[in-house]
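S.K.: Letter by letter, the chains look like this.
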Amino acid sequence: MLSVGCLIIGCGNRQRGDDGAGVLAAERLGTLGIEAKTCLGEASELMEAWSGADEVILIDAVATGAAAGTVHVWNARLPMARGRSSSSTHGMGVAEAIALARTLDRLPAHLRVYGIEGKRFEVGTEVSPEVMRAVEEVVRRIANEIAQGQESSSAR
Amino acid sequence: MTASGGRTIKVDTLARVEGEGALYIKMKGERVTDVKLKIYEPPRLFEAFLRGRHLSEAPDITARICGICPIAYQMSAVHAIERALGIRIDPAVRLLRRLFYCGEWIESHALHVYMLHAPDFLGYQDVIEMAKDHRAVVEKALRLKKIGNSIVHLLGGREIHPISAAVGGFHKVPTKHQLHALVDDLQWGLEASLETVRWTSTLQFPDFEQDYEFVALRHPDEYPFNEGRLVSNRGLDIDAAEYEDRFVELQVKHSNALHSVIRGRGSYLVGPLARFNLNFDKLPEVAQKAAMEAGLKPPVKNLFRSITVRAVELVFAFAEALRVIATYEPPAAPRVTVPDRAGVGQAITEAPRGILYHRYAVDEKGLIVTAKIIPPTSQNQRRIEDDLREYAPQLAAWPLEEATWKCEQAVRCYDPCISCATHFLKVEIDRE
Numbered sequence: 021m022l023s024v025g026c027l028i029i030g031c032g033n034r035q036r037g038d039d040g041a042g043v044l045a046a047e048r049l050g051t052l053g054i055e056a057k058t059c060l061g062e063a064s065e066l067m068e069a070w071s072g073a074d075e076v077i078l079i080d081a082v083a084t085g086a087a088a089g090t091v092h093v094w095n096a097r098l099p100m101a102r103g104r105s106s107s108s109t110h111g112m113g114v115a116e117a118i119a120l121a122r123t124l125d126r127l128p129a130h131l132r133v134y135g136i137e138g139k140r141f142e143v144g145t146e147v148s149p150e151v152m153r154a155v156e157e158v159v160r161r162i163a164n165e166i167a168q169g170q171e172s173s174s175a176r
Numbered sequence: 004m005t006a007s008g009g010r011t012i013k014v015d016t017l018a019r020v021e022g023e024g025a026l027y028i029k030m031k032g033e034r035v036t037d038v039k040l041k042i043y044e045p046p047r048l049f050e051a052f053l054r055g056r057h058l059s060e061a062p063d064i065t066a067r068i069c070g071i072c073p074i075a076y077q078m079s080a081v082h083a084i085e086r087a088l089g090i091r092i093d094p095a096v097r098l099l100r101r102l103f104y105c106g107e108w109i110e111s112h113a114l115h116v117y118m119l120h121a122p123d124f125l126g127y128q129d130v131i132e133m134a135k136d137h138r139a140v141v142e143k144a145l146r147l148k149k150i151g152n153s154i155v156h157l158l159g160g161r162e163i164h165p166i167s168a169a170v171g172g173f174h175k176v177p178t179k180h181q182l183h184a185l186v187d188d189l190q191w192g193l194e195a196s197l198e199t200v201r202w203t204s205t206l207q208f209p210d211f212e213q214d215y216e217f218v219a220l221r222h223p224d225e226y227p228f229n230e231g232r233l234v235s236n237r238g239l240d241i242d243a244a245e246y247e248d249r250f251v252e253l254q255v256k257h258s259n260a261l262h263s264v265i266r267g268r269g270s271y272l273v274g275p276l277a278r279f280n281l282n283f284d285k286l287p288e289v290a291q292k293a294a295m296e297a298g299l300k301p302p303v304k305n306l307f308r309s310i311t312v313r314a315v316e317l318v319f320a321f322a323e324a325l326r327v328i329a330t331y332e333p334p335a336a337p338r339v340t341v342p343d344r345a346g347v348g349q350a351i352t353e354a355p356r357g358i359l360y361h362r363y364a365v366d367e368k369g370l371i372v373t374a375k376i377i378p379p380t381s382q383n384q385r386r387i388e389d390d391l392r393e394y395a396p397q398l399a400a401w402p403l404e405e406a407t408w409k410c411e412q413a414v415r416c417y418d419p420c421i422s423c424a425t426h427f428l429k430v431e432i433d434r435e
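These protein sequences, in sequence, are chains A and B.
Counting in our numbering, the first sequence runs from 21 upward without gaps.
Counting in our numbering, the second sequence runs from 4 upward without gaps.
If we strip away everything but chain A, and leave its shape as in the complex, we get (with noise of 0.2 Å):
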């Protein structure tokens, strides 16, 4: 369930295939109502759009070796395995800035991670079929959350 005002934000790269799962899922979402950011998902800049927010869901593409469609759920309050990020060259990703923000406390109360297992990332390719279908699924379950914390919420 979660909470009304809870923070959504889709990250990836449109560009790349199925890089993009995380920003097409945050548009779903605003075509039934529900607001969701979207950004590239580097470090500092998702640690500035999460700052003051208490929940917050993140989507995004991974590549874990599971198959593509996959849909994993992290709770990223607890430790998350995370590679050698300085092998990158020119960017820090959502792992890096969920490490950095435990480090500099500026981690939100509550984060989830959803992540779709995706299988292609090249320039200019078109979203699998799977990770499409995984989309859909990340966006009725997170609607079905939203939907079950109004009612909570009027409940009350």
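One should not assume that every hint holds.
[What the hints assert, rightly or not] Example chain B residues on the side facing chain A (calculated, C-beta under 10 Å, incomplete):
1) K39
2) F49
3) R56
4) I71
5) I92
6) M118
7) D129
8) N152
9) W202
10) V251
11) V255
What the hints contain is simulated information worked out from the structure, not anything from laboratory work.
Just so we're clear, the structure is a prediction, and the values are computed from it rather than from any experiment.
Idealized CB from N, CA, C, for every residue including glycine.
For this one, chain A is given, so just place chain B on it according to the hints.
M.R.: Just chain B, lined up with the frame of chain A:
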């Protein structure tokens, strides 16, 4: 001994793309026998996207090439198209464009200096490790970057993929009051940047000087952003329209990106070091003084010292932003009328990591017939390989993993925009 593979860089669970950039170095004893930097370059794809689109769409389409430097793409696009159409912009708009670029340089340089480059010099795996011991430093970096964001947000309409830049001006311009609201933060940023120059100058730099051909814009009155002739320390002095006569792009088997070289000469260096060396006299006094006190005197030939040069450019960007705001009077109109007419125009502007060339041909309906985009990293690509050919032998006695790490650091000096998205550089040293 053959030690292939070096260190494997793992894709972590939330990484988006692995292996877009790869560096391969083959060594025989102390001799480097092969260096290959493989990068994928999205601008090629965008050149095709642009064909048939109306010229007014070019700033928005090209802004999407890069999440870190969208303004550079917008600025090269609008200037090239304005030249194609023979449009002159309002002087107030010209000033606002300089301020817009200040915002992008601040964002990009603050990110690179503190979050990506400093950990290399301080011996940390990354900024997350560094933040545990240097929390105040990282907090400062985030505040600096945020000030850059606020400039971009005000002028661009939003921070990522700004939408306000237009051929002929801006869709909307800020009021004096809105700009003045930035002043306190900018003054803090100027002081913080001066501290950054001092702080980076105390780092230990490898002894590695190269005889570069530095290439940058040069303007008679100002440190370059949007205008100027393209010059080098070896006598190059051309207009943007002559760029393709003097520079040539070569296809190489190992990379999707084309390698740019100066016709008849070879590799060259673009970016902060080139700008600084060719335009030191155009820096404001506060930045010149900070550079001199940090021991930077042009020509600086050690690429590792680019971290301090970026800090000097941060000082410049804050000082310039304050200057623009102090003199700003809103233009009579946010943009001039843009006619649909046929023409060809070229422009070069200074992206944070070096010169960005755009050329457009448009038809009488204002539709783009051809577009050409040459980003700074593809121009530096050949130079990065040349540097590693010289640098890797110095590391012959180092254990493989450390040597690999050192080579990554060398590449990081260029702040390469390998695929204009989040990405990884996979380094492999093959020793025989």
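S.K.: Work down the list of hints and note, for each, if the structure agrees.
M.R.: Structure-based check of each hint:
| no. | hint | result |
| --- | --- | --- |
| 1 | K39 | 16 Å, violated |
| 2 | F49 | 9 Å, holds |
| 3 | R56 | 16 Å, violated |
| 4 | I71 | 7 Å, holds |
| 5 | I92 | 29 Å, violated |
| 6 | M118 | 7 Å, holds |
| 7 | D129 | 4 Å, holds |
| 8 | N152 | 7 Å, holds |
| 9 | W202 | 19 Å, violated |
| 10 | V251 | 24 Å, violated |
| 11 | V255 | 19 Å, violated |
Going through the hint list in order, the structure does not satisfy hints 1, 3, 5, 9, 10 and 11.
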